[in-house]
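Enquirer: The lines below spell out each chain.
Protein chains: 2
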Amino acid sequence: MAVYTDVSDEELVTFVSGYDIGEVLALKGIAEGVENSNYLLHTRTGHYILTLYEKRVDPGDLPFFLGLMRHLAARGLSCPQPVANRDGETLGQLAGRPAAIISFLDGMWVRRPQRAHCAALGTTLAEFHLAGADFAIRRPNALSVESWRPLLELSLDQADTIGEGLGEELVREVEYMEANWPGELPSGVIHADLFPDNVFFIGEKLSGLIDFYFACNDALAYDVAICLNAWCFEPDMAFNVTKARALLNGYRSVRGFTQAEFDSLPLLARGAALRFLLTRLHDWLRVPEGALVTPKDPREYLKKLRFHQSVETAADYGLTA
Amino acid sequence: MAVYTDVSDEELVTFVSGYDIGEVLALKGIAEGVENSNYLLHTRTGHYILTLYEKRVDPGDLPFFLGLMRHLAARGLSCPQPVANRDGETLGQLAGRPAAIISFLDGMWVRRPQRAHCAALGTTLAEFHLAGADFAIRRPNALSVESWRPLLELSLDQADTIGEGLGEELVREVEYMEANWPGELPSGVIHADLFPDNVFFIGEKLSGLIDFYFACNDALAYDVAICLNAWCFEPDMAFNVTKARALLNGYRSVRGFTQAEFDSLPLLARGAALRFLLTRLHDWLRVPEGALVTPKDPREYLKKLRFHQSVETAADYGLTA
Chain A
63 MAVYTDVSDE ELVTFVSGYD IGEVLALKGI AEGVENSNYL LHTRTGHYIL TLYEKRVDPG
123 DLPFFLGLMR HLAARGLSCP QPVANRDGET LGQLAGRPAA IISFLDGMWV RRPQRAHCAA
183 LGTTLAEFHL AGADFAIRRP NALSVESWRP LLELSLDQAD TIGEGLGEEL VREVEYMEAN
243 WPGELPSGVI HADLFPDNVF FIGEKLSGLI DFYFACNDAL AYDVAICLNA WCFEPDMAFN
303 VTKARALLNG YRSVRGFTQA EFDSLPLLAR GAALRFLLTR LHDWLRVPEG ALVTPKDPRE
363 YLKKLRFHQS VETAADYGLT A
Chain B
63 MAVYTDVSDE ELVTFVSGYD IGEVLALKGI AEGVENSNYL LHTRTGHYIL TLYEKRVDPG
123 DLPFFLGLMR HLAARGLSCP QPVANRDGET LGQLAGRPAA IISFLDGMWV RRPQRAHCAA
183 LGTTLAEFHL AGADFAIRRP NALSVESWRP LLELSLDQAD TIGEGLGEEL VREVEYMEAN
243 WPGELPSGVI HADLFPDNVF FIGEKLSGLI DFYFACNDAL AYDVAICLNA WCFEPDMAFN
303 VTKARALLNG YRSVRGFTQA EFDSLPLLAR GAALRFLLTR LHDWLRVPEG ALVTPKDPRE
363 YLKKLRFHQS VETAADYGLT A
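Line by line, the protein sequences give chains A and B.
The number in our numbering is simply the position in the first sequence, starting from 1, with 62 added.
The number in our numbering is simply the position in the second sequence, starting from 1, with 62 added.
Simulated from the structure, these hints should not be mistaken for laboratory data.
Please note: incorrect hints may appear among the correct ones.
A pair counts as met if it fits within one copy or between any two copies, since identical chains are not told apart.
[Stated by the list, open to error] Subject to a maximum C-alpha distance of 16 Å in a straight line, what follows is the list of computed EDC-like cross-link-like pairs (lysine to aspartate or glutamate):
no. : residue 1 : residue 2
1   : Lys-267   : Asp-123
2   : Lys-117   : Asp-259
3   : Lys-267   : Asp-149
4   : Lys-358   : Glu-231
5   : Lys-267   : Glu-226
6   : Lys-267   : Asp-219
7   : Lys-365   : Glu-231
8   : Lys-365   : Glu-189
9   : Lys-358   : Glu-73
10  : Lys-267   : Asp-71
11  : Lys-267   : Asp-168
12  : Lys-117   : Glu-266
13  : Lys-358   : Glu-151
14  : Lys-267   : Glu-85
15  : Lys-267   : Glu-72
16  : Lys-365   : Asp-168
17  : Lys-358   : Asp-123
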C-alpha cells in the first residue's frame with residue numbers, strides 16, 4: 063500500500079494546469095506499488111494515474127522508464143502512457159518529488175492464471191520484446207548474475223534460519239551460475255518483473271502490461287524464464303507443463319527462439335529462480351518490526367530453484383525443438 | 063491507508079454480475095478511510111467506490127448508513143449513493159465481508175479552507191439537516207456526553223504524560239459537561255464527523271459530503287459546533303472569527319438557529335472539543351509499535367477546548383442574535 067507523499071489540492075491544481083487535460087475533479091491515493099506514491103487522478107478529460115517517484119527510484123532512470131512506455135505505446139503495445147505537459151515534458155516536479163501523469167489502463171490481474179492467460183502472456187511478451195528492439199536508451203540489469211554474490215553475502219549469516227544448510231547451498235548455486243551463465247544470447251529491453259500482478263486482463267483478454275520500473279537490457283529469453291517461474295507453478299509448487307507450453311508457444315508464435323536460447327532455457331529459469339530467491343531472502347530477513355506489509359516467503363523460490371535444477375532440456379518445459 | 067481485505071478478480075466478477083452496472087474493467091484499492099476497505103471500481107457504465115465493511119463497523123448499523131445516503135441523495139443533497147443490485151438490495155457480501163457499491167463523488171478536500179469554503183460548508187450542513195429530518199431509522203450518538211467519562215477513564219492513568227495535570231483537568235471538564243449539557247435542543251440526523259477531509263470541493267464550489275459512518279441522531283447545533291472546531295482554527299490554533307461567521311451565517315441562511323441553540327453554542331463547541339480530545343487521547347496512548355499511521359495529536363483539541371472555555375456567548379463566534 064503506497065502513498066508516501068501527500069499532495070495538497072492547491073499543489074495539484076497548479077501542477078495539472080501545466081497539462082492540457084482539463085480541470086482537476088478528484089484525486090485518490092491508491093494502494094498499489096511499493097516503490098512510488100500512486101494516485102488516481104480524475105480530470106474533465108478522463109482518468110489518469112499520477113505517480114510521485116520516491117527515494118527507492120533513481121531519478122536518473124526515469125527518462126528510461128517513461129521513454130520506454132511512450133516508445134512501446136507508439137508501437138501499439140498496450141501499456142500506460144506518460145502524458146506530456148504543455149512543454150512536451152513527461153516528467154515534472156510535485157510535492158518535492160519527480161512526478162508524472164500516466165494514462166489509466168483498464169484490466170485486472172488474475173489471481174489464478176489459466177492456460178489461456180499464459181498463452182496470451184507469451185504472445186504479448188514477444189510483442190513487447192519486438193517493440194522494444196529499437197528503443198535508444200539503455201539500462202543495465204542491476205539484478206543480473208554479477209549482483210547475486212554480493213546480494214547473497216548480505217543474507218549469508220542468517221540464511222540457515224530459513225532452512226538448514228541453505229547458506230551453503232546458495233553459495234554453491236551462485237558459483238555454478240557465475241561459471242555457466244550464458245553470455246551471447248539475443249538481448250534487448252526486458253520487463254524483468256512480469257508477475258501476474260503486472261499483467262492486466264479483461265475476461266480472458268490481455269488488456270496490457272504495467273510497472274516497467276525493473277525494465278532493463280538483458281537476454282530476452284531471461285524474461286521468458288522469469289515468466290515461467292511466476293506463472294507456471296501451482297500453489298503446491300508443482301510445475302504445470304500445460305501452462306508453460308502455452309506460454310512458450312504463445313511467445314514463439316510472435317518471435318522464434320534461437321537454438322542457443324532453447325539450449326539455455328533451463329539455466330535461465332534456474333537463474334531467475336535464484337534471483338527472486340535472493341531478493342526475497344534479503345527482504346524476509348529484514349522485516350521492520352510491526353511492518354504492515356508481509357514480505358514474500360523465499361522458500362517458494364527455493365522450491366522452484368530445485369525444480370529447475372532437475373530440468374535437462376527446454377523440452378521439459380513443453381517446448382519442442 | 064486502508065485495504066484490509068483482498069478481493070480476487072473472480073470473486074469481484076461474480077459479485078458485480080448481481081448488479082446492472084456492466085462488465086468489470088478495473089479495480090484499485092484506495093488509500094482512504096480507516097474503518098473499511100475501499101476500492102475504486104471501473105465498469106462499462108462508469109466509476110464506483112466498492113466498500114468492504116471491516117470489523118470496526120457494526121453490521122447492524124449498515125442499513126442506517128446506506129439508507130441515509132440514499133435518503134439524502136433522493137432529497138438532492140450531493141453525496142455518494144449506494145447502488146442497488148438486481149434484487150433491490152444495497153448491501154451484499156464479498157470476500158466474507160458486508161459490501162456495497164457506491165457512486166463515485168468528484169471533488170477534493172481542501173487542506174487550507176478559506177472563508178468561502180466555510181460559508182459553503184455552513185449552507186450545505188443546514189441542507190443536510192433539513193434533508194435528514196424525515197429519515198426513519200434512528201441511531202443514537204455513541205460518542206455523546208454520557209460516553210465521555212468511561213472514555214476518559216481508559217486514558218486517565220496516562221493522561222499526565224501528555225501534559226501535567228491533564229487528567230485532573232479533564233475529570234473536572236467531564237463533570238462540568240455532565241452537569242450542564244443541554245437536553246432539549248432541536249435534534250435530527252447529524253454527520254458528527256464533518257472535518258475538511260469529508261467535504262469535497264471543485265474549485266470553490268462544494269461538490270458533496272462523504273463518510274457518513276459516524277452519522278447519528280443528536281442535537282443539530284452540535285454538528286455545527288463540531289464544524290466550528292474542525293474548520294475555524296488556524297494552524298497556530300488561533301480562532302478565526304471571520305471563517306466562523308461565514309460558516310454560521312451560511313447555515314442560518316438555510317435553517318435559522320433557535321434561541322436555545324444560540325445560547326448553547328459555546329457549551330456545545332466546548333463539548334465537541336472535549337469529545338475529539340478524548341478519542342484522540344485514547345488513540346494517542348495506544349499507538350501500536352511500528353504503526354504506519356500516526357494518530358492525531360490530542361493537544362490540538364486541548365487548545366481548542368481552552369479557547370471555548372473562554373467564550374461567553376455565540377456572538378464571540380461571530381453570530382449575531
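Enquirer: Each hint should be assessed against the structure and marked as holding or not.
Expert: Now the hints, each set against the structure:
no.	hint	in the structure
1	Lys-267 x Asp-123	neither (31 Å within a copy, 40 Å between copies)
2	Lys-117 x Asp-259	neither (23 Å within a copy, 27 Å between copies)
3	Lys-267 x Asp-149	neither (36 Å within a copy, 30 Å between copies)
4	Lys-358 x Glu-231	neither (20 Å within a copy, 49 Å between copies)
5	Lys-267 x Glu-226	neither (44 Å within a copy, 64 Å between copies)
6	Lys-267 x Asp-219	neither (46 Å within a copy, 60 Å between copies)
7	Lys-365 x Glu-231	within (13 Å within a copy, 62 Å between copies)
8	Lys-365 x Glu-189	neither (30 Å within a copy, 62 Å between copies)
9	Lys-358 x Glu-73	neither (36 Å within a copy, 23 Å between copies)
10	Lys-267 x Asp-71	between (37 Å within a copy, 13 Å between copies)
11	Lys-267 x Asp-168	within (11 Å within a copy, 30 Å between copies)
12	Lys-117 x Glu-266	neither (36 Å within a copy, 34 Å between copies)
13	Lys-358 x Glu-151	neither (37 Å within a copy, 39 Å between copies)
14	Lys-267 x Glu-85	between (33 Å within a copy, 13 Å between copies)
15	Lys-267 x Glu-72	between (40 Å within a copy, 14 Å between copies)
16	Lys-365 x Asp-168	neither (34 Å within a copy, 48 Å between copies)
17	Lys-358 x Asp-123	neither (26 Å within a copy, 37 Å between copies)
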